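Colleague: The lines below spell out each chain.
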Amino acid sequence: MTTLAVSPLLSESVGDFTKPSIEYFDLSPLLIIIGVALAGVIVEAFVPRRLRYVVQTLVAVVGTIAALVMTVFVALGLEPRGDNAGFGAIAAEGAIAVDGPTVFLWGTILVLTLISVFLFAERHLEGGVTAFAGQAAALPGTEAEREASTKGLEHTEVFPLMMFAVAGMLLFPASNDLITMFVALEILSLPLYLLCGLARRRRLLSQEAALKYFMLGAFSSGFFLYGIALVYGYAGSMNLGDIAEAVSGTIGADPLLLGGIGLLAVGLLFKVGAAPFHAWTPDVYQGAPTAVTAFMAACTKVAAFGALLRLFYVGFGAARWDWTPMIWVVAILTMATGCVLALTQSDIKRMLAYSSIAHAGFILTGFVGLNAVATPGTAELTSLQAVLFYLVTYGFMTIGAFAVVTVVRDSSGEATHLSRWSGLGKESPFVAGVFAFFLLGMAGIPLTSGFTGKWAVFTSAWQGGAWPLVVVAALLSAVAAFFYIRVIVLMYFSDPVGEGPTVVMPSVLTTIVIAVGFAATVALGVVPGPVLDLAAHAGQFVR
Amino acid sequence: MTSSSASLFPRLAEEGGHAVPVIHQVPADGVFALLWVIIALPALGAAIILLGGGNRTKGFAHLLGCATVLGSFAISLVSFFALLGRDETDRSVGQFLWTWVDAGSFRADMALLYDPLSALFLLLITGVGSLIHLYSIGYMEHDERRARFFGYLNLFVAAMLMLVLSDNYLGVFLGWEGVGLASYLLIGFWQHKPSAAVAAKKAFVVNRVGDIGMALGTMLVFATFGTVAFAPVSEVAGEAPTATMTALGLLFLLAACGKSAQVPLQSWLLDAMEGPTPVSALIHAATMVTAGVYLVVRSNFIYDYTEVAQTAVVVVGTVTLLWGAIIGCAKDDIKKALAGSTMSQIGYMMLAAGLGPYGYAFAIFHLLTHGFFKANMFLGAGSVMHAMNDDVDMRHYGALQKAVPVTFLTFAMGYLAIIGFPGFSGFWSKDKIIEASFGESTLVGLCALVGAGITAFYMTRVMLMTFFGQKRWEEGVHPHESPKIMTVPLIVLAALSVLGGLLLFGDFVTDWLTPAVGAVAHHELAFAPWVFSLIVTVVVAVGVTIAWLTVGRNEVPRTAPQNVSFVTRAARADLYGDALNEELLMRPGDRFVTGLVGFDDKGVDGVVNGTGTAFAGMSGTFRKLQTGYVRSYALSVLSGAVLVVVALLAVNLT
Amino acid sequence: MTAVQVVFVLLSLVAVVSALLVVTTPHLVHSALWLVVTLGAIAGVFLVLAAEFVAWVQVLIYVGAVVVLLLFALMLTRAPTGPQPDLTVRRWAPAAFVALLVAVLLGATLVAGFQDVRLDLDQAVVGSAEVTGETVFRRWVLPFEVLSVLLLAALVGAIVLSRLRSEDGDD
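In order, the protein sequence lines correspond to chains X, V and Y.
Just so you know, we're using the working numbering here: the first sequence kicks off at 29 and counts up by one.
Just so you know, we're using the working numbering here: the second sequence kicks off at 4 and counts up by one.
Just so you know, we're using the working numbering here: the third sequence kicks off at 40 and counts up by one.
In isolation and in its complexed conformation, chain X is listed as follows (with noise of 0.2 Å):
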């Protein structure tokens, strides 16, 4: 390297100005949620408000549609690409991987989305209005915010905003360089932030959990910058593709490379909840509206997995023994932190969050299992697919759970303390069946799909040499057990407290939600095979 001339940032020569190649057919879902979230934008300026809810509602939920119905075509004309077994193009001048792991992916959080949409439209718990503060900008307990109660006014903003997010979900795992990578976290990031101080409830909780979520999401970002610049140091490219060539064209370790995968990792662990930096977890989860708590543990973990597992995988996969110790203790500490400490929370959103840590845990457990270059279809176990498998199973549970969670309510909304859910079995033991079953199956009990998803992670784990994490994982998961038991026995084996809590009837929505998440864990349980193979034939990241 003699001149800057040289760098692929600025490579460009000067001349004639020749159009970019953008691959619209295969970008299509992205772009269709981004015209979704653009159309909420002009609906909420132009309709009318007693039409907007409906509007809203329908254009979320058909483009979501429209955007899923799309990804299969996209999936469906993959070709395969290169000779590591991968399928798909690079697409919008390297800005993305269209890929099978993408593809699979962008199926996975638009259907996780179309559920969530679903929760955040419910109207019939709240006596005919959204979950959502009436009136954000009123300060709580102020006249205005009375009067906006009164008024039964609600935000159908948060529409267009949940949109954007997902369109920086699925931009997320499928970006192909290190600012496009950027750039989507960003996307997925600042709605969520919004989202998140909008409860119509315990309004000072929600804000205080926005603010925080902001305050910290915005320096772990600061981190994952950082690691940009290092790596760019390194490798003189944000490309994924060159950062792999540099790295594997290196000999012994190099601090800068070490040091921006670090901090690049911690971005990034950030955002699916490992430990050391999961404080923010419980903290969001419960103040947020619950069905953005829902939306958000699931989708977001699923984007964000999809781009640790791209960046190390494509980016860093030459530099596998580097991080993978970091990636044991990180794993450990992290299933350690949400199997321990859930067992003694006493709100059910808190729990849910110290599961869902727990969660990213054993997914990490995937991670450094077996990384296989193999070609497709008669494909080993590889830690790709079965932290894809993980992410759907996953993914369907805890929407469901958190669905359940919604209509548990008394006279001041949701009943998230636990000491309400006793006696649940007597009040309404349909509810709570359904509540025992998607805990069973977060315990990863037979015949529910998290027993296959935590099979597969280990299994992959196991494979890869990794046994001494998967006893760990094992015991850890046997002491999570106690903690799903616990809330079991509670609402079967205890009386209820005071008036008990009751159950309130959702609209077809709402029951919808829990009908998928709960026909979900048992089909992923009994028959998991068809997933399983699709992620099988996913095959590896291209680059």
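Hints were generated in silico from the structure; no laboratory data involved.
All values reported here derive from a predicted model rather than from experimental measurement.
Please note that the accuracy of each hint is not assured.
DSSO-like mimics (lysine-lysine), calculated; alpha carbons at most 30 Å apart, straight line [as the list claims (entries may be wrong)]:
| # | chain 1 | residue 1 | chain 2 | residue 2 |
| --- | --- | --- | --- | --- |
| 1 | V | K196 | X | K454 |
| 2 | X | K454 | V | K61 |
| 3 | V | K405 | V | K487 |
| 4 | V | K61 | V | K196 |
| 5 | V | K487 | V | K61 |
| 6 | V | K474 | V | K196 |
Starting from the known structure of chain X, arrange chains V and Y on it as the hints suggest.
Modeller: Just chains V and Y now, with coordinates in the frame of chain X:
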């Protein structure tokens, strides 16, 4: 333990002539095509009853529950005779159902294996299961939630059948968790009793510890052999390194300890008696608790290659058989006394299974006879409780032989069988185990022999306190015989308890099991077998006599005396099993969690807990708390980042 | 030393000295104004390095928008305009330490990453508006366009959080 094993058990070192059986499956045709129905019937019953809801199925749930299990029993019986008609080499029938998990080489099928071993288990589970279902119709008649009870029972039967029919470890694991869940639901069936809820939770948790062994073992099997199915593993088992086999053996032993209530995971079984008595009979005596023995015997192709694990199994079995027997001596609760006895008898089976080819067949034989006589006695105990207004304290019984004659007679058959009265089923099965264990080592043999004596003592004590002596009934108790629906199963089981020994006639059971577990090996013994039988009988007689002298001749106080020996006190407290668990496991765990939580509360969680509880005046304190704590979160992120980077650099740049 | 180098050093000095003044002056408003000087000097440095586009962006956004925003914030929050002796003396040591640490870290990164890179000023085209424009609209077109989505989302969010609806409620 392992280092001294060579001198303690010389037999294990010189093994070699025995051929470890390899499973060759033949496709399922004819009646065997119906194998899956055996599981599907009770599963369907459970689904209909549980999903249909208690009220809608109230009218027919008990009939449906019995019908499904009886149907399974019929198919099992037909299949058994069909298998009997086959050549010895064709007696392993495999039925492929569907591919459960398939991702490249990671493949697990939902497939069934019907061989002599599973055939016997099927008969036991569906046969005894049917009887207990019938009995429950009467026993649970006045229970509001009888429909649900039958739903759970069916669920249990389905899971247990899955466990013994699966052709791979993953399927076994599925059944394993399924029976655990059903057992949990049934122990806690009487939700209104807090003790039941606690017992259920304890059973679940202790079992999870065992399940870790099962899960890790299954994974290790897969990692070693690339498959989890029994047949391919049994083919190549000899080529795997011994260390791996030892690890596998120990992991499966851990699993077996959890499920079969063996020391050190024994503590849950006594508490599990909180469940309805038919549950105790079916799950916690006849079937589920023997799953551990099944696992060890089924994995014979693993244990045959690892002396260390075999030795461990022997040690666990020996310790448990004494442990359970001692506990059985001190319990006044009739069900708990029987539970102690169950532990002890399963200890015998484990001991036999640990002897390898010398004992596999006898372990299964004892398992079958025990299934008969213990189910018989539990149901008898249930019948007695039925008569005594659900009182379980034997000190409130006495002189019941006139009041409940059928129960008394059937119970007596079970009693004679368990103590090993010559001619009864238990005599044949236990005798063989004691004989084989003397071949293993004199120490183990003596322990087994002493255990037989103690068994005779505590069972005689139960017998005397319940049916003989003075009336010590509570006020207003009018014992009466149970209805026919309860006594008929008792009579059938009593007959089986008496006649179960016939299975050994002409070495039927050992020959039958040969394809699955290998031929029985025989030790050179110091005495002829009949001498052993004589010795055992004498020891049993001594036990009975002591019981007669201490319990039978004296007045039994209505409340348990407190000024008793240390041994009695220890036995009453389950030999301090719980205290030990608590001291060694729970306390440090609690402290650890409390510490962590304290840290989390003070350092991290304070804000939310504070705001959550104190809504009033929140806005004032809100901002103050806010700044401080985001800062501390950020600090944790920062230190985490520093940790990550430093660790990366330190690992890679040294 | 060529003329360019002399200018570079001078501009750097101005940037460093004014940056120090930003954090040491007791006047809040002065601090903001010194920031203008710092940022302007840095824009000059960019210009000297032939990065004309970045230089103008620096002037437009940082000097123009950011500092103005800062001043507005000072005015709207009615922050004291007079000198505040306690503004800069508390905890200066740890702050200085952190600043030094960051400087060392960034410096080390730059040196480690670009130590053998030399810029040929005569033929340098990397920083021109033309090259930047071409790259942004070709190689980086997707992230660039998507960033506008981010801004829109932020805008929507700002409206949601701050705007009280009118009384009749039919906006």
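Colleague: If a hint holds in the structure, say so; if it doesn't, say that too.
Modeller: Going through the hints against the structure:
1. Taking the CA atoms of V:K196 and X:K454, the gap is near 15 Å; set against the 30 Å cutoff, the hint holds.
2. Between X:K454 and V:K61 the alpha-carbon distance is near 18 Å, which keeps this suggested pair within the 30 Å criterion.
3. Distance check on the hinted pair: V:K405 and V:K487 sit about 17 Å apart at the alpha-carbon level, within 30 Å; holds.
4. Under the criterion of a C-alpha separation no larger than 30 Å, the hint pairing V:K61 with V:K196 is consistent with the structure, at around 23 Å.
5. The suggested pairing of V:K487 with V:K61 holds, with an alpha-carbon distance near 22 Å, which does not exceed 30 Å.
6. About 29 Å separates the Cα atoms of V:K474 and V:K196, which keeps this hinted pair within 30 Å; it holds.
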